[in-house]
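These protein sequence lines map, in sequence, to chains A and B.
With the working numbering applied, the first sequence has no gaps in its numbers, which climb one by one up to 249 at the end.
With the working numbering applied, the second sequence has no gaps in its numbers, which climb one by one up to 873 at the end.
Misleading hints may appear alongside valid ones.
Simulated pairs of lysine-lysine, DSBU-like, Cα-Cα distance not exceeding 30 Å [to be verified]: (1) Lys844/B with Lys148/A; (2) Lys186/A with Lys829/B; (3) Lys829/B with Lys171/A.
If you are wondering where the hints come from, they were derived from the structure by calculation, not from laboratory data.
All of these numbers come straight from a predicted model, not from anything done at the bench.
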Amino acid sequence: MSATGVIADDEPLLRAQLRSRLARLWPDLTVVQEMENGRDVEEVLQRHGPSVFFLDVHMPGVNGLEAARRIAGRAHVVFVTAYDEYAVEAFERGAVDYVLKPFTEERLALAIQRLRERLQAAPAHLEELVQTLAARLAPAPAAQHLRWIKASVGPNVRLIPVEEVIFFQSDDKYTRVVTCDGEALIRKPIRELLDELDPERFWQVHRATIVNVDRIASVRRGLKDQAEIALRDRPETLVVSRAFTHRFRQM
Amino acid sequence: MNILQLLEGLTLRRILWVTAICAVASGAASWIFVNTYFDLLLTALPVGYTSMLLFTAASNVRQAAMPREAMQILAIVAGSILGTILAGLLKGRDITQMFHERLAGVTISMGLGIGFGCVVVATIMLREKYARDQARILRAESERHQLEKGMLEARLQLMQAQVEPHFLFNTLANVQHLVETDPQAAARMLDSLIRYLRAAVPQMREAHSTLGREVEMARAFLEIQQVRMGARLAFRIDVPEPLRARDFPPMMLISLVENAIKHGVDPCCECGTVVIRAEEQEGRLRVCVADTGEGVKPKEGGGLGLANIRERLKTLYGGAAALVLEENAPHGVTAAIEVPAAA
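Required output: the full structure, derived from the provided sequences and hints.
In C-alpha cells, the structure reads:
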C-alpha cells in the first residue's frame, strides 16, 4: 500500500539518512517533502496531504512538538529524537511512535510496521501528549523580567546581565548602571526599570535608587529614619529613604 | 535624630558601672576629704551621670566637625562641670557662692570627674578598637573562606561533564549516515569528535590549559557543528601563532562558542558566522567570540555559563580579568574574555 511522508529535521545529513533508510525499508512510501523545521506544516498539509510526518523534536523556529500540535490529527506522526529520557517515557504512554537517533534498522522497521497498521485508522489527536512534552522540554516559562541591560559604551553596545548590576541610580536625564567593574549610562528611567526588573531581586530603596539585594553587604540605621546600605564589591553606600526602610526591618 | 537614637548604648550595664565607679571614687575621696561619704557620693553621682549622658549623646551624634573622640572628651568635661553645679543645687547651695568661697572643692570635684571620665573613655575606646580588630580578622577569615569555596566550586564546575547527550547522539547519527554515504567525511567527523571529547571529558582534562588547546577544542566543536548544520554555519579562527602557547583557563572559550551556536546562530533559521579572535593589547590577552546570530532578547537569560565564567575569572585573577559582552554589528553578540597577558 502506498503512502506519502514528510521529513522534518534541521540537520541535512539526518534528513538524508532517514530518507535513504525509509527508501530501503518502506519502498511504498514516497517522501513528498523535507523541512528544516515545522514552520511550513500548514502549507505542506494543504499541498500534499501526507499520511505521515517524521518530526525531529528539537528544531530551531517551530519545533517538532509545535508542528505536531499544528498538524492536529490530520496526519500520523512519528517523533525522531536524539536523547530525551523524559520525553521517551511520555512517548511510551502516548498513542504516537518515536525513533531514537542514532537508530538501528530494526527499530525503524518496527516503527514502520506499526505505522502501516495504523494508517488505516484515523490519526490520533496529540494535543494532550504535546502539552505534556512541551512542559517537560521547556520547564516553567520564566517570569517575564528584564535579563539584559543594553548600555552604550563608546561606539559599542555593552550587554550586561542584570545579575551583574549592583545598583541603578538616576542621574539627571540618565540612569547609572553600576557593576563591580564599572558603570554605564542608559536612558531608561528608574520608574520603567522598576516595572521590568524582577521585584524579588531588585528593590527600590530611594526615589532615585534600585539595588540588587544579592549585592548588599550590610544595612545600618542612619539619620532621620533612613538607613544606609553597604555593598559587596563597591565602595559606595546607598541611602534608604524613610518610605522604603520597612523592607529592611526584621532582617 | 530622636532622643532614643541619641541615647543608643545607654544600657543598664553602663549605668551600673558609672554608679559603681562613683561609689568607689567617693570611698577613696572620703579618706582625703573631711566630707562624709554620703556627701561625696551626692557630688559624685550627678557628675558621673551627666558625664555619662553627654558622653553617650556625643558618641551617637553624627557630625563631621571634629573627631568623635574629641567630642566625647568635651562631653566629659562639660558633664563634670554641669554635674558639679547640679550637685551644688541638690545640696541647696548658692551657685555664685560655689564659684567664690567653695572654688577649691568645686574644682577638685570637677577635676576628679574629668579624670575618671577620661580613664573610662580611654577604656571604652580601647575596647572598641579591640572589637574592630576582631571584626576585621573575622571578615578577612570569611573572605578567605569565600575564596576557597569559590575555587572549590570552580574546580567542581570543571569536573562536570560538558558533553550534552543531545550533541553526542546527534553527532553519532551524522557519522552513522556518513559511514554509508561518504566514509572519508565520516572519518573526519569522528576525528573532530575524538578531539572534542578528549578536551571535554572531565577525566581527560587538566586544571591548566593553553589558548592553543582551547582553540583546537573549539575548532573541533565547530567542525562537528558545521557538518550537522550544513550551510547554516560558517566559522573563522583568527588566533596568531605566538599567542597559542599562552596560559588560558580551560573550558571558557568552548562555553562562549557553544553559546554563540545555541543562543546565536541556531535559533535564527537563516545562516550565521562564528569568529574566534585573539589579540594582545596593552598587556592584556583578549579572546573574543563573535556571532552574527539573533543577539540577546532583553527578557531571556543567558544561562549559567556566563555567570560561571565570571565567577571562575574572579577566582583565578581577582579583579584583573573580565568577561565583556557587546552587541555585534549589524546583529549578534561579541563575547570577550580579557586576562592579564603573562607571557
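Evaluation of the provided hints:
Among the hinted pairs, Lys844/B with Lys148/A is consistent with the structure: their alpha-carbon atoms are about 23 Å apart, no more than 30 Å. Distance hint between Lys186/A and Lys829/B is fulfilled; the C-alpha atoms sit about 15 Å from each other, no more than 30 Å. A distance of roughly 24 Å separates the Cα atoms of Lys829/B and Lys171/A; the hinted pair therefore holds under the 30 Å criterion.
Hint compliance for this structure: no hint is broken.
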